[in-house]
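K.L.:
Build out the structure end to end from the sequences listed, making use of the hints.
At position 44 of the sequence shown (counting the first as 1) the number is 44 in the UniProt record's numbering, and the numbers step up by one without a gap.
Calculated directly from the structure, the hints in this document are not laboratory data. Being a predicted model, the structure only gives us computed values, none of them experimental. It cannot be assumed that every hint is accurate.
Here are the simulated EDC-like pairs of lysine to aspartate or glutamate, each with C-alpha atoms no more than 20 Å apart in a straight line [stated by the list, open to error]:
1. Lys-192 / Asp-118
2. Lys-192 / Glu-171
3. Lys-192 / Glu-92
4. Lys-192 / Asp-57
The calculated label-pair distances, taken between Cβ atoms and stated as ranges, are [claimed, not checked]:
5. Ala-143 / Asp-194: 34 to 44 Å
6. Leu-142 / Thr-249: 23 to 33 Å
7. His-46 / Glu-188: 29 to 39 Å
Cβ coordinates follow ideal geometry from the N, Cα and C atoms, glycine included.
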Amino acid sequence: MTATGDSTTRHLTIQHDGVTIQVSRGGRGLPLVLCPGLNCTQADLHELIGLLRRDHDVVAFDLRGHGLSSAAERYSFDAFLGDLRAVMRELELPSAPLLVGYSLGADLAVHYAAERPDTIAGLVLIDGANPLPEPFVADVDLAEFREMARQTVEWSEDGDRARQVVLSAEEVFELGLEMDVVRAGILERYRKVDGGVRMIMSSTIAGRGGAGRAPRHNRLWRDGVERLVRQRANVSVSWLDADHRLVFTHAPDIAEIIRSAHQPGSGPAS
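P.N.:
See below:
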């Protein structure tokens with residue numbers, strides 16, 4: 001691991017599995033590691049990171065193929081989990097951090113916490129890691145989700161290297177399908193996490209439309225969370241009136257939930 005930067009923000013690089021992971025660290029207070037999601041970079045999360053740094057020593061990073069991290073030969077849930085493991089392994093923090101994940105990053109956080117529960121102070125999961133009672137992407141949704149993947153990749157190619165994603169539209173689409181498989185078994189992972197888990201979830205992940213896929217997907221999203229809360233007493237949830245972009249549109253609300261739940265001496269969220 002190498003480090004550069006000033007006293008405000010340090011920039012680190014971690015060599016792992018043939019890729020270079022770009023990490024930033026800044027702020028003061030309780031340690032916090034922020035894991036982004038698919039097609040999401042540190043640059044995209046700049047508002048939330050800035051708010052969290054007021055109360056936390058925040059470590060953020062770009063997954064392989066995202067932002068300032070290098071491209072890779074393979075992109076899969078396990079490969080991204082390896083990126084998170086590498087970051088956690090290389091950090092030198094004064095105490096166990098709060099682990100925060102958004103979307104795919106939330107699923108990565110749960111899997112890591114199930115493996116190494118002794119290394120984190122608690123979990124905050126933002127609109128991800130949902131144990132859905134049935135697949136999110138049904139056969140009827142395939143064409144629409146493939147088109148959404150294409151549009152997402154085009155949006156990320158805006159000339160700003162810090163925001164770019166080098167995955168192809170087909171790779172993004174295939175990862176979306178893989179996430180249904182991951183979430184089908186994620187309840188078993190939650191059973192290995194004894195500490196506090198706070199979920200911050202969108203009430204209308206697929207938008208407010210009353211036709212098409214939106215009603216079914218919004219219902220599935222809520223059903224999955226309610227299923228989890230019934231089974232795991234250490235899980236609590238805050239719902240925000242937003243879609244899956246909540247991490248961008250409601251950054252102050254998310255930062256306040258994290259701050260109020262994890263003040264010094266407050267213990268894990270419950």
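K.L.:
List in ascending order the numbers of the hints, as given earlier, that are violated by the structure.
P.N.:
Numbers 2, 3, 4, in rising order.
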